[in-house]
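Position chain B against the provided structure of chain A, taking the given hints into account.
Next come the chains, spelled out residue by residue.
2 protein chains.
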Amino acid sequence: MKLVCLQKNLQKGLNITERIVGKNTTLPILNNVLLETQKGLLSISSTNLEIGINCLISAKIEKAGSITVPAKLFSGFVNNLPNDKIFLELKNNNLNVKLLNYKAIISGESAKNFPIIPKITGEELFIVNTVILKNGLNQVIYAASFTENRPEINGIFINIIKDKIIMAATDSFRLAEKTINFNKKSENNTSFIIPIRSAQELLRILGEKSGEVKLVVNKNQILFSIKDNNTDEPSVDLVSRLIDGNFPDYKQLIPKDFKTKLIINKNELLNSVKISSVFSGKINDVKFSVSGAKNEIDVVAKDFSAGENSSKIKGEITGDDLEITFNYKYIIDGLNSLSGENIFWGFNGPTQPSLLRVLDNRDYFYIVMPIRNQ
Amino acid sequence: MKLVCLQKNLQKGLNITERIVGKNTTLPILNNVLLETQKGLLSISSTNLEIGINCLISAKIEKAGSITVPAKLFSGFVNNLPNDKIFLELKNNNLNVKLLNYKAIISGESAKNFPIIPKITGEELFIVNTVILKNGLNQVIYAASFTENRPEINGIFINIIKDKIIMAATDSFRLAEKTINFNKKSENNTSFIIPIRSAQELLRILGEKSGEVKLVVNKNQILFSIKDNNTDEPSVDLVSRLIDGNFPDYKQLIPKDFKTKLIINKNELLNSVKISSVFSGKINDVKFSVSGAKNEIDVVAKDFSAGENSSKIKGEITGDDLEITFNYKYIIDGLNSLSGENIFWGFNGPTQPSLLRVLDNRDYFYIVMPIRNQ
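As they're listed, the protein sequences go chains A and B.
Under numbering that gives the first Met the number 0, think of the first position of the first sequence as 0, with each following residue one higher.
Under numbering that gives the first Met the number 0, think of the first position of the second sequence as 0, with each following residue one higher.
Don't take each hint at face value.
Where chains are identical, the list cannot tell them apart; a pair therefore holds if satisfied intra-copy or between any two copies.
Derived pair list, reagent style DSSO-like, types lysine-lysine, alpha-carbon separation capped at 30 Å [to be verified]:
{"#": "1", "residue 1": "K250", "residue 2": "K38"}
{"#": "2", "residue 1": "K265", "residue 2": "K7"}
{"#": "3", "residue 1": "K313", "residue 2": "K38"}
{"#": "4", "residue 1": "K301", "residue 2": "K111"}
{"#": "5", "residue 1": "K97", "residue 2": "K161"}
Treat the hints as calculated values from the structure; they're not laboratory data.
Isolated chain A, as found in the complex (with noise of 0.2 Å):
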């Protein structure tokens, strides 16, 4: 193996693969990337078994071949380094280093023993923007469960139908659902719960990107491949596992109707919220009061032992009046990921879910459940 590539692009394309890599000391080949030579690219690859990244750089192959390197080792040196050309070269499974006037020899392990990715093939089933793909995501991950005990709402459910593509995500407190349509129509309806990791992972790599991705889905696995319109930023393709489970069938709990409606500043909302959770107790619990009569919801939190608070807020308020408490931290979320200036909140009395929304737009809405009254 030899080639030439340049500083800025073998960097890119190691950030993008190396951050899965952890320290893996039962499997300690886990620990490396995997250089391999194509046409005129590199390809960096990693894998932590769950989720495998491959990132293709453009490069100047002088002599085909592969190595692993160990990971994060490759990563500190090149990132050091000014941009310029960097020459890579392998002698006796040692991949010579060489920029100016640094170098470095790193010790090397065969391809071989490198775990294999596995290659997703078929038709994709859909290509959407990595911008909505990014936005929509980052509208529902959150409400996810976050601890492994329930493997089915550990990651982010996935619908299509049609042209829309649904995505959910509960902790059984709160769901987020959001809808993308897009362009192509699906010939087969389909759905699976991808894994919370992975949802973080292609965030991260979407973060960067402005382009297309390309999802592939067999029995078991998902490919997500995205190019970028900047034809000098490294293409990636994200490997993961999906989650064996069933969904909740959280289509029934969506409310229908309600009997408080609430339209009020998103801003002015959070505010209240954030300055009353400062006195909010082990529960984070915040009381809101919704009064038709006086158009107005008043936020308080009370501790027994440091004191309270209150703040009012004007609303347009329709139906009957209401005391409900919420985990601010719950509410706080849901309004952080509503993208409006005036927000709809909905009621069914101090039990019931609410579910909050933009005022004109339903393609994403929030579902949280109450404290009930202590």
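Coordinates of chain B only, in the frame set by chain A:
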């Protein structure tokens, strides 16, 4: 107690004082800030019994008085409020707070139970510009010992000689010394040691200030009195205990002459050390080979399993050739504290302390011990 002030000013005062407030379970009143009215001012104080901070902000006093309230709760509430007039009023030991449509009632505890922060009076030792003091402290503080088993080096040594402030810190592996000249001649030469935590707090407060610091010392305590040029900014007093002990007599360790002298570009050297550090071993060892014939320094690191690297940099070398090994972290620390393009690095063989300073400035130097050859 009844007063009005601006939210912005109260927020500043609380943020300056509340940082040293911890979670004290044996003396819970230390979790509070003390609020006291003065003529046209609100005084906000906190203490952890080692450091005391007092901050004065403008206020319109309607009724004199004092109270202590939980620091984190009060500042958490105030920080989230918009900038407007904030009304504070004491009612039955509760602090009532009101701003626009926000209000809070905070349980207070009598000011009588709050520890007295000692008043340190007397003539000032010196008055110095906040930025000069901040930069000087930053150039030495990182070299201090952060462990507590040798209290006398767990701080900053300050030595006043006529019209000079000499500050030094060491952890016994390296030593940094900075000299600041000031106008007023001090009558009494004196020296003392400030605890590292107090110096860190002082730096934090100085970071936001441009003005003057007045320093007053008595046998066991020191007062830093900080006035901002901007009269809207709160004035701050920091009182700290002094460390009871003798700072090492380091003057005898400062090398007077050198067997090998190196003049080199700071950033080139810094880059090379950072790059080599990736390959250094458990003791962070990086080897420097200084060759007068080639006028070149070779920075080398080797790890028996991972590999090795090296980089060559041109320099101006006089005296003996040398191979010397350092903890790269100490060299990076030293180089980062030098504010010049070209630096001087003097050596007396591979086992003796070396000295780093800016080429054309002797106000600051850094002495660092090599790692003995293994």
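These are the hints, each one checked on the structure:
no. : hint           : result
1   : K250 with K38  : neither (49 Å within a copy, 64 Å between copies)
2   : K265 with K7   : between (42 Å within a copy, 24 Å between copies)
3   : K313 with K38  : neither (64 Å within a copy, 38 Å between copies)
4   : K301 with K111 : between (63 Å within a copy, 26 Å between copies)
5   : K97 with K161  : neither (52 Å within a copy, 55 Å between copies)
Consistency with the previously given hints fails for numbers 1, 3, 5, ordered from lowest to highest.
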